[in-house]
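Asker: Each protein sequence line maps, in turn, to chains P and R.
With positions in the first sequence counted from 1, the corresponding number in this note's numbering is that position plus 5.
With positions in the second sequence counted from 1, the corresponding number in this note's numbering is that position plus 1.
There may be inaccurate statements among the hints.
Unchecked claim - Dumping the calculated DSSO-like pairs for lysine-lysine here, alpha-carbon to alpha-carbon at most 27 Å: (1) P/Lys-221 <-> P/Lys-47; (2) P/Lys-69 <-> R/Lys-54; (3) R/Lys-157 <-> P/Lys-107; (4) R/Lys-99 <-> R/Lys-70; (5) R/Lys-149 <-> P/Lys-69; (6) R/Lys-149 <-> P/Lys-104; (7) R/Lys-22 <-> R/Lys-99; (8) R/Lys-22 <-> R/Lys-54; (9) P/Lys-69 <-> P/Lys-47; (10) P/Lys-104 <-> P/Lys-200; (11) P/Lys-104 <-> R/Lys-92; (12) P/Lys-69 <-> R/Lys-99; (13) P/Lys-333 <-> P/Lys-156; (14) P/Lys-69 <-> R/Lys-70; (15) P/Lys-107 <-> P/Lys-156; (16) R/Lys-149 <-> P/Lys-333; (17) R/Lys-92 <-> P/Lys-107; (18) R/Lys-22 <-> P/Lys-104; (19) P/Lys-186 <-> R/Lys-49.
No wet-lab data here; the hints were simulated from the structure.
These numbers were taken from a predicted model, which means no experiment stands behind them.
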Amino acid sequence: MRTNLEYKAEFLNPDMPDIPYTTLNLGPTHPATHGIFQNILKMDGERIVSGEQTIGYIHRAFEKIAERRPFYQITPLTDRLNYCSAPINNIGWHLTVEKLLKVSVPKRVDYMRVLVMELARVTDHLICNSILGVDTGALTGFTYVYQFREKVYEIYEEICGARLTTNMGRVGGFERDFSPKVFELTRKFLAEFPKIWRQFESLLSRNRIFMDRTMKTGPISVERALNYGFTGPNLRAAGIDYDLRVADPYCSYEDFKFDIPVGTTGDTYDRFVVRNEEIWQSLSIIEQALQKIEACEPGVYHADSDRYYLPPKQEVYRNMEALIYHFKIVMGEIEAPVGEVYKAVEGANGELGFYLISDGGRTPYRLHFRRPSFIYYQAFPEMVQGQMLSDAIVVMSSMNVIAGELDA
Amino acid sequence: MVVNHEDIISHIKDNVGDVLKVIPDDYGVLIAEVSVHQVYKLISFLFKDLNYKFNILVDLCGVHYPDRKGEELGVVYHIQSMSLRTRIRLKVFVPIEKPEVPSLTGIYAAANWMERETYDFYGILFLGHPNLVRILNMDEMIDFPMRKEFPLEDPKRRDKEDFHFGR
Numbered sequence: 006m007r008t009n010l011e012y013k014a015e016f017l018n019p020d021m022p023d024i025p026y027t028t029l030n031l032g033p034t035h036p037a038t039h040g041i042f043q044n045i046l047k048m049d050g051e052r053i054v055s056g057e058q059t060i061g062y063i064h065r066a067f068e069k070i071a072e073r074r075p076f077y078q079i080t081p082l083t084d085r086l087n088y089c090s091a092p093i094n095n096i097g098w099h100l101t102v103e104k105l106l107k108v109s110v111p112k113r114v115d116y117m118r119v120l121v122m123e124l125a126r127v128t129d130h131l132i133c134n135s136i137l138g139v140d141t142g143a144l145t146g147f148t149y150v151y152q153f154r155e156k157v158y159e160i161y162e163e164i165c166g167a168r169l170t171t172n173m174g175r176v177g178g179f180e181r182d183f184s185p186k187v188f189e190l191t192r193k194f195l196a197e198f199p200k201i202w203r204q205f206e207s208l209l210s211r212n213r214i215f216m217d218r219t220m221k222t223g224p225i226s227v228e229r230a231l232n233y234g235f236t237g238p239n240l241r242a243a244g245i246d247y248d249l250r251v252a253d254p255y256c257s258y259e260d261f262k263f264d265i266p267v268g269t270t271g272d273t274y275d276r277f278v279v280r281n282e283e284i285w286q287s288l289s290i291i292e293q294a295l296q297k298i299e300a301c302e303p304g305v306y307h308a309d310s311d312r313y314y315l316p317p318k319q320e321v322y323r324n325m326e327a328l329i330y331h332f333k334i335v336m337g338e339i340e341a342p343v344g345e346v347y348k349a350v351e352g353a354n355g356e357l358g359f360y361l362i363s364d365g366g367r368t369p370y371r372l373h374f375r376r377p378s379f380i381y382y383q384a385f386p387e388m389v390q391g392q393m394l395s396d397a398i399v400v401m402s403s404m405n406v407i408a409g410e411l412d413a
Numbered sequence: 002m003v004v005n006h007e008d009i010i011s012h013i014k015d016n017v018g019d020v021l022k023v024i025p026d027d028y029g030v031l032i033a034e035v036s037v038h039q040v041y042k043l044i045s046f047l048f049k050d051l052n053y054k055f056n057i058l059v060d061l062c063g064v065h066y067p068d069r070k071g072e073e074l075g076v077v078y079h080i081q082s083m084s085l086r087t088r089i090r091l092k093v094f095v096p097i098e099k100p101e102v103p104s105l106t107g108i109y110a111a112a113n114w115m116e117r118e119t120y121d122f123y124g125i126l127f128l129g130h131p132n133l134v135r136i137l138n139m140d141e142m143i144d145f146p147m148r149k150e151f152p153l154e155d156p157k158r159r160d161k162e163d164f165h166f167g168r
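Whole structure, please, built from the sequences with the hints as guidance.
Answerer: This is the structure in structure tokens:
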């Protein structure tokens, strides 16, 4: 069997006379793209000569809309970026506004946020890895683990009422305290999920067919990954232990003990293994967060300030100041300082950044989302060049490109 | 975050020249304005420099200030040093009549789409970009929709006017 490089040397020689290449449109609506984006691939038989992506099919102009919306109304927009882990986006946005307003939140709020964010990370990685199984032909694992996404959505539902696009939390904390059922459901999840996930791992991670399909497909070197601005699991699979939770801790992540898994080759298998290991680390963080929340004073779920956090409803009906603040906050008059902040959180796909310029008005002057999918998806043609068509599908799946995040 | 801002500023001053116009920041980030003629030289120096190695382009975006005559359009770069875990934010302003900024695609591969996006929304031309075409909007579009004069909604609509609280 020829290696890819030998194949390239032999067949993709520019001096050779015309080779009849085929153009193949992978997408926009293709079951393997998991979203609306197109790859125009130039094929030599089953091999990919070059590729070009066309994106923007679900562009919704969030940055423009955000320039006309008060800060709290931007949270639902962030839901729709990476909709597989919406709470991370919501909390990332709240942290950005809190950084702008110089708000400090109680420790218990931090731990509650960590709990939610890690649940979101588990579901995101769960979807990515189980769908990777589906794309390589192993549907079975997916059918077993996918129900746990529903279990996590039940936890979200108990926290905020919504399941997919959560709009969870407020600037300064949460809108209400976690009910006892949240903790009950989380404990139940922690008790049931590892067993099934262990089974899923044992089905795929040492599976000969799966390893043959994923090893050495779509590799990227550390240098290229950095040059392409990779972050998150895709960068860690290439071998750099860069994680914002450790490098620039937010939400009291420094209080938690966890490891950062790294790969070596940056291929599809490494990305799979890194995500698997991150799920185990996240489960450990969730358990620690539960203990830490219990150790905190109960009933604290938001920063105590009238300036940006809505007063309780009973107060609004009886008390004039509360009514005034309620009105001001709902109308977006929260007296934001003039300034600019960049706040990034470790999203499930990598560094999810919010660059916010405020001119002191009720809306952002400029808001830019640094979307990890958008940045690392550029590398896709380079990663699949010289490989087979079926490899391209697996690589795309393992990169976890989410169309909502890609197009904003 | 461990690196002193003064060190970076003096290091740049020694090697590239007096190119930074530091903007004070409340949030502890080194922000500097750079002239459009020197930004490529500066960033390629920072990329190659062995002391700091700003090897990651974290973010690149445009911004529009219609009231600043002669420097209406801006490009904001966030670049990061992976080894030192420190970031700087550089800003370049150009007039709207001649919005030309050197492309960073030769330094960072990540700049390709970010610059296309910025071109798409602000009409900033990145000189030297290999494929400067629209990326998220449709190709037939003639406007640059993130500019402030571009209306968010249909300007003929009267029912959504917001005289009391709107910007």
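Asker: Any of the earlier hints contradicted here, and which numbers?
Answerer: 2, 3, 9, 10, 13, 15 and 19
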